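The chain contents come next:
2 protein chains.
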Amino acid sequence: MLEDKNPSRTSLEELGEFGLIKHLTKDFALKQTSSVKGVGDDAAVMEFGPLKTVVSTDMLVEGVHFDLSYMPLKHLGYKSVIVNLSDIYAMNAQATQVTVSLAVSNRFPLEALEEFYAGVALACKVYEVDLVGGDTTSSTKGMLISVTAIGTADTEQLVYRSGAKENDLLVVSGDLGGAYLGLQVLEREKEVFKVNPNSQPDLEPYAYIVERQLKPEARKDIIDLLEKLEVHPTAMIDISDGLSSEILHLCEQSDVGCNLYEDKIPLDPTVISAAEEFKMDSTLVALSGGEDYELLFTIEQKEFPKIKGNPNLTVLGHMTHKNEGAHLISRNGSKIPLTAQGWNSFGN
Amino acid sequence: MLEDKNPSRTSLEELGEFGLIKHLTKDFALKQTSSVKGVGDDAAVMEFGPLKTVVSTDMLVEGVHFDLSYMPLKHLGYKSVIVNLSDIYAMNAQATQVTVSLAVSNRFPLEALEEFYAGVALACKVYEVDLVGGDTTSSTKGMLISVTAIGTADTEQLVYRSGAKENDLLVVSGDLGGAYLGLQVLEREKEVFKVNPNSQPDLEPYAYIVERQLKPEARKDIIDLLEKLEVHPTAMIDISDGLSSEILHLCEQSDVGCNLYEDKIPLDPTVISAAEEFKMDSTLVALSGGEDYELLFTIEQKEFPKIKGNPNLTVLGHMTHKNEGAHLISRNGSKIPLTAQGWNSFGN
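Line order of the protein sequences matches chains E and S.
The letter at position 132 of the first sequence is residue 165 when you use our numbering, and the numbering goes up by one with no holes.
The letter at position 281 of the second sequence is residue 314 when you use our numbering, and the numbering goes up by one with no holes.
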């Protein structure tokens with residue numbers, strides 16, 4: 034095999050997925066005058082006319098990103114679109130089109146793919162985006178999904194990861210940690226089912242967090258809300274890999290530090306009780322869990338009155354000078370450096 | 034497993050990849066005023082400003098679309114981009130950006146992916162497109178690639194598959210069948226290598242066809258040539274799945290028939306000799322081989338003087354009334370119905 038011929042080897046674990054794409058694309062220069070922004074933000078930006086065009090792409094692999102033993106295919110189709118739309122909204126843009134490509138082994142009958150596409154159709158309907166392309170092909174093993182989402186925004190509307198300034202407030206939509214704990218519940222039920230296939234799981238107490246995992250939503254409503262409130266974020270990112278990892282992205286790309294206050298992190302009661310049940314620290318779950326698809330953004334302090342008291346938004350902390358680094362200020366006041374505990378897909 | 038719960042099963046073989054995507058996307062309506070063209074042509078078209086935006090996406094799976102035992106990773110990176118650019122040119126548009134997503138198992142070291150991206154970079158340089166996004170993730174088995182290409186065109190410049198009219202001439206660029214026979218040579222050498230790992234294959238006599246397989250080019254030059262010649266095709270498609278399959282696409286979407294003349298099919302001398310060596314009919318190879326990435330298009334008869342004698346273009350036949358169907362007129366004058374022998378990735 035090719036990879037054994039080369040005596041110089043760097044393992045992918047060392048880099049993780051963020052380091053890898055950065056490393057692999059660092060020498061690509063943008064040449065087209067229409068290319069406004071390439072790799073390094075939630076989506077690429079192109080200028081073809083009065084509006085900017087925004088494009089985002091993501092690949093989902095069976096056994097890595099989803100487990101079909103508890104993920105209904107319709108939900109998977111829905112979620113595959115949602116995770117890409119979330120990247121478009123994280124640019125403060127409006128999603129307009131998606132393409133969906135699928136590779137599946139022969140073990141899938143047509144009806145299974147129809148279920149998948151029913152989920153895609155539902156997401157398109159709910160978020161008012163058009164499916165405009167795609168590709169289906171066979172795989173030697175399992176199911177693979179690649180989605181590209183396209184959107185538009187006025188130039189002055191666009192929000193990058195790089196615009197946060199010292200003293201800006203750090204704000205998050207919704208609540209955190211639910212999707213990760215929903216996954217823990219589903220994994221546990223899968224193990225129970227393996228031992229006793231006749232067991233009937235009662236997922237009712239976990240309905241909220243299971244839905245956060247199986248049928249997440251993208252926060253288009255937050256983009257619309259910010260417009261209505263006339264709040265223009267200075268930087269924004271969606272939370273796909275955990276709060277900690279996303280904060281570090283904002284800090285790195287904006288060249289600032291951050292103080293995040295533990296007692297401000299919004300947690301649903303179901304998240305708190307499930308974390309206790311699984312003997313996990315709920316703060317760590319929120320910091321590292323991922324897949325919540327909430328929006329994390331920074332605003333100037335003077336904008337605070339506009340968002341104050343809004344039940345959809347929580348101020349988590351503020352940005353600092355770069356030299357101060359990024360820290361969690363715990364409930365007892367100690368300062369703990371944030372590390373990227375975000376999901377590293379090469380780490381297993 | 035999910036697919037076993039459903040008593041009603043339709044096998045993917047029955048549909049093939051064209052039928053499948055058509056079937057799965059048939060109920061998707063375009064809602065956005067900016068969506069000009071969705072699934073069903075080489076690329077989607079969106080209107081964001083004075084120019085149309087064109088998007089195309091393709092997925093490549095190890096063991097299905099490529100074999101790393103003879104496909105160098107740099108070539109694979111190059112080819113992954115080329116196959117998508119070819120779809121953009123087949124719209125008579127200019128490619129401007131690509132996104133490249135990659136899923137790989139841990140058996141690949143960083144250096145292997147660098148090689149892959151070196152090929153992507155070369156294609157971007159040669160075709161003057163920008164890499165603007167992508168995603169890398171892990172796979173449980175093998176390597177998977179998803180590329181999305183974006184381009185632009187003036188509205189009047191765009192060419193769909195659906196514009197061919199009765200009596201239009203059918204024209205192809207370059208020559209056909211090379212990529213398929215190149216693959217046969219590589220497969221044969223792989224078998225020889227399995228038996229005797231010390232054998233040194235002499236691929237020199239097959240250089241042209243092996244290059245057609247391993248490092249194909251997209252015919253941007255033909256788009257530029259047509260513009261220079263002031264020839265506006267009435268319909269166009271790229272040849273990824275074999276001449277026969279592509280002609281049937283043009284006929285179906287343009288609602289016409291076609292007479293294709295066997296003696297007009299352009300074949301390189303290497304293709305003729307390799308076909309003999311492999312005891313294959315060279316016409317069948319050209320009709321069914323695929324992966325040549327030439328452009329197949331139709332023009333009005335009055336345009337003929339503009340392309341006459343051009344070494345890059347060959348008139349293969351003409352479009353007929355729909356009721357006449359699509360036929361190959363063989364060298365001895367017999368009329369053989371064309372069938373989609375194009376590669377069916379679910380057929381194995």
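None of these hints come from the bench; they were simulated from the model.
A few of these clues could be false.
Because identical chains share one entry, a pair is satisfied inside a single copy or across any pair of copies.
Derived pair list, reagent style DMTMM-like, types lysine to aspartate or glutamate, alpha-carbon separation capped at 25 angstroms [what the hints assert, rightly or not]:
#1 K312 to E148
#2 K64 to D257
#3 K248 to E220
#4 K227 to D187
#5 K261 to D100
#6 K198 to E263
#7 K64 to E250
Just so we're clear, the structure is a prediction, and the values are computed from it rather than from any experiment.
Identical-chain pair category, K198 with E263, by Cα at 25 angstroms: within (19 angstroms within a copy, 53 angstroms between copies)
Up to 25 angstroms CA-CA - D257 versus K64, copy category: between (33 angstroms within a copy, 19 angstroms between copies)
Could you place K64 and E250 in one of the four classes (within, between, both, neither) given a Cα distance threshold of 25 angstroms? Between copies, since 20 angstroms is at most 25 angstroms while 35 angstroms is not.
Tell me, please, which holds for K248 and E220 at an alpha-carbon limit of 25 angstroms: within, between, both or neither? Result: close within a single copy only, 16 angstroms intra versus 45 angstroms inter.
Treating 25 angstroms as the Cα threshold, decide for K227 and D187: within, between, both or neither. neither (52 angstroms within a copy, 58 angstroms between copies)
Since the copies are identical, ignore which copy is meant and state whether K312 and E148 lie within 25 angstroms (CA to CA) inside a copy, between copies, both or neither. Answer is neither: 36 angstroms inside a copy and 44 angstroms across each miss the 25 angstroms cutoff.
Indicate which option fits the pair K261, D100 if close means a Cα-Cα distance not exceeding 25 angstroms: within, between, both or neither. neither (39 angstroms within a copy, 53 angstroms between copies)
Comparing the model with each numbered hint stated earlier shows that hints 1, 4, 5 do not hold.
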